[in-house]
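All chains should be built: construct the whole structure from the sequences, respecting the hints.
Chain by chain, the residues:
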Amino acid sequence: MTVAIVGVGMTRFGRHDELSGLDLAEQAVREALADAGTAWSDVDLAVGGSNVSGKPDALVSRLGLTGLAFPTVRNGCATGGVALATAADAIRAGRARTAVVVGFDKHERGAFASDPASYGLGAWYGETGLMVTTQYFAMKTRRYLHEHGLSEESLARVSARAFRNGAAHPRAWRRSPLSVEQVLAAAPVNPPLTQYMLCQPSQGAVALVVTGEERAADLAERPVRLAAVSVRTRRYGSFEVFSPSLDPVPRRSPSIDAADSAFRTAGLSPSEVDVAQVQDTDSGSELIHLAETGLCAHGEQEKLLADGQTDAEGALPVNTDGGCLANGEPIGASGLRQVHEVVRQLQGRALGRQVPGAPRVGFTHVYGAPGTSSCAVLTLEGARS
Amino acid sequence: MTVAIVGVGMTRFGRHDELSGLDLAEQAVREALADAGTAWSDVDLAVGGSNVSGKPDALVSRLGLTGLAFPTVRNGCATGGVALATAADAIRAGRARTAVVVGFDKHERGAFASDPASYGLGAWYGETGLMVTTQYFAMKTRRYLHEHGLSEESLARVSARAFRNGAAHPRAWRRSPLSVEQVLAAAPVNPPLTQYMLCQPSQGAVALVVTGEERAADLAERPVRLAAVSVRTRRYGSFEVFSPSLDPVPRRSPSIDAADSAFRTAGLSPSEVDVAQVQDTDSGSELIHLAETGLCAHGEQEKLLADGQTDAEGALPVNTDGGCLANGEPIGASGLRQVHEVVRQLQGRALGRQVPGAPRVGFTHVYGAPGTSSCAVLTLEGARS
Amino acid sequence: MTTVVDPGLFTSLDPPRLAGSRCRSCGTVTFPVGGSCPRCTLPGPDTVALADAGTVWTWTVQTFPPKPPYVPPAGGFSPYAVGYVDLGDVLVEGHLLVEPGHLRIGLPVRLVLTPVGDGSRSTFAFEATP
Amino acid sequence: MTTVVDPGLFTSLDPPRLAGSRCRSCGTVTFPVGGSCPRCTLPGPDTVALADAGTVWTWTVQTFPPKPPYVPPAGGFSPYAVGYVDLGDVLVEGHLLVEPGHLRIGLPVRLVLTPVGDGSRSTFAFEATP
Ligand SMILES: [Zn+2]
Ligand SMILES: [Zn+2]
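Protein chains in written order, with this note's numbering: chain A, 12 to 396; chain B, 12 to 396; chain C, 1289 to 1418; chain D, 1289 to 1418.
Treat each hint with caution, since some may be false.
[Stated by the list, open to error] For each label pair, taking beta carbons as the anchor points, the in silico distance ranges come out as: (1) B/G48 x D/G1332: 16 to 24 angstroms; (2) A/M12 x D/P1396: 55 to 63 angstroms; (3) D/R1312 x B/G48: 36 to 44 angstroms; (4) D/P1331 x B/S162: 38 to 46 angstroms; (5) C/S1408 x D/P1367: 26 to 34 angstroms; (6) A/A134 x B/Q193: 41 to 49 angstroms.
These are computed hints drawn from the structure, not numbers from a lab. Note that CB positions come from ideal geometry on N, CA and C, so glycine has one too.
Right, here's the structure in full:
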């Protein structure tokens, strides 16, 4: 059975000093239900994801004690994709007809702290200052630039486009555009990554209403088909965060496998994508993920960015809502924010920059530690394929 | 597509000072794979659950970086049931062929501590000493005994049978039988519940190998069919833990809904169950759950227990491996321990007391905070139905 | 002046009355005050003063010190009774200032304030109606 | 006598050599010593001394103090360089005792010990080969 997204809801991203994570989640779910023109009492499954902001199933106290099933998933940055896949499976398996997927988080300021033991590492790794996510992004980025002849200007162009898109998006956190020069001149947090090339922990919630296709036409004017959602963990050789050692020739990122699986399942190729959201926890990650998911060739990013092809009006619009760079990362919400943006783009009702020309094929990609990626292909009903 | 369990693995429950939660999980998965006669490389989905002992997907570093999807679920005491349902859905939806389900936890000594905010409660609730799980069990039990005319001896009989079964089970934590008199005379932790009527946090891991039915015959001599697995949250009026107030007539436990849904889906009635595992975080909970799941009538428990009908040789064998009372509760593992026991009972290879007469229909029930229950009906292939 | 653990729990302190929510649609009463009705989800319930007397609906005794965030009395932990009290419209959970030997389902009780933690703040409790 | 953050990281301390695992089946080398091969999952790899010199494979500078469990130096945090060093069979992550201006991919480096935290213990690091 084909599964479709028939309603979306999203809070503003950024800081919400007066609201709890559950407050944000409730707000997103209510908006998604209203968007689908349905009620919580009509929902028979909810899947929730939050890394640090409480138990998603506590939402039943606010939304209605209807007795529905409410599994919680927890897969770091890949939580949104895993939640969507879990709901889609339950619909396909006949265990649910109408599902809500909700992701939220309310992180405090500053970099994420990590516990070595929960990654199976010795205490020495944390004590000596190696257990820092942004170090990993920086080292992976530097090597990638070196191997594929990309410049630090490309990193800055990713950020500048993200902030440009964020400035146009009413729910984004960072609403001020920044020039390539400003990005390059900012504090070098973990060189080659400057302050504006790294996303910050933030706060927000996103919800989707998902149904089987036979109900979808009742609930949405233009339901968006979930043509595929794939989740993959790393294979040997992947260059992952918190790795005291690596294979001499790192390769085989889970993003490659998840994207390949999603495109195969959907029967579409990366070249058919009209709008893409790829994980941009940092500018280097976006560059890497564009190629790993097949949206461009390794090394091609330099020209794509310099030519503005990843802008909303370009040939390959990327992170049209500003991505993690402009929205920050509430871990449980980021993956679903991507889906929210793609659904609205395909329906022609983007809140920020609308991709022109009636886009029909969308793509989302998240990647999280330790080595999990989730990719989805979304199509407008009646899409070419 | 029907889903079957083709392999089971389980560590000893209790204290494992030298092993981490991930060590325990690895051990359980390896045993389950060996039991199914298959290899990790043949598994294309794993679903993990652990409340406090790290990220289940970190297991890929130990078992093999094969790239499989590895969602993590987290639903308190209902984690095992939710994990099993998630894996079964993925198989039915065609997203996986062979799945491993693994639950584990390594809790430290003493009662569980809870954070009011994560339950949407004010700080006052914790500060003033109302946020104690065992208080809830005791108050719910006292009211239930009062309403249905049950004695405190019945509570003690539940414990005595649990410890009797635990004594016979080589992987149980509590291996010494206790008399009804000893249970009643023990320290009154939260009266009417004494020390031996309450389970303790403990440590352990369980894993299952699950496949679609067409593969099942290749992997197991006697595959056990997952005839149904249902998850339900509370409806209004349920008497739940951490409730500052209740409806004047509490009713509608999620256990009632989850069991009803599971039996309907399986096309079987509670009277057809040959062996049942029901959540016994305390003796009172077992009494309540026996009736809520439909296995007996409210008030009938007194006679069932006095007559030994819930023993392995009785008409309604219950918690044949000693349940939570004799195994303690590693939250992520308990629900799957029940499935492990039922699978082995139906296959005629129980590690402890074997139910005589070739049992063919098994039932499992977990219940966790805040108000989630998961029930499963398991049948031996070729079962009457 | 009485300092309580959470002023939002009360409509008044002298005499103490608990603040609950009553749904404008289905009449469901809950404690403490909430933003919506748990039965029908209607937002914006009325805040009402709950009855200040009722009967014990169930009870237990907390014999061991809870883990934090519980704050034990300055003089150290001693066992205390808790229970749900039937106030007619709603059952409310709280401390019971009743000798364990006298505790029984159906016992008439009334609302009082009682010091908790280091003694500088009070919470609500129920004592046997004289 | 040198006290190191984790003796299990080394096969010897004077001169320092890192202890890795080499799979008996596929030859994959990993650091630190592990119970099984991450490539083929075979348990019981051999413990081997890794090469004590190599070249910088990638690098960055940690300009802000990490959150705990990081232990800053007694004198307070100052930025430090980290990177992966290509030791032939394996890339190993560690501190780079190289002036940031001299850091580059391909720079030859060798293994040394360097004090960390309050200075009472050492960890491994790489310095430019003279
Ligand atoms: Zn109402
Ligand atoms: Zn190997």
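Within 36 to 44 angstroms or not, the Cβ separation of D/R1312 and B/G48? violated, 25 angstroms
Honestly, do A/M12 and D/P1396 meet the 55 to 63 angstroms range at C-beta? holds, 60 angstroms
Please check whether B/G48 and D/G1332 have a Cβ separation lying inside 16 to 24 angstroms. holds, 23 angstroms
Between A/A134 and B/Q193, does the C-beta distance stay in 41 to 49 angstroms? Since the Cβ atoms of A/A134 and B/Q193 sit about 43 angstroms apart, the hinted range of 41 to 49 angstroms holds.
Just to be sure I understand the hint, the distance between the Cβ atoms of D/P1331 and B/S162 should be within 38 to 46 angstroms; is that true here? violated, 54 angstroms
Cβ distance range 26 to 34 angstroms for C/S1408 and D/P1367, holds or violated: violated, 47 angstroms
Of the numbered hints listed earlier, those contradicted by the structure are 3, 4 and 5.
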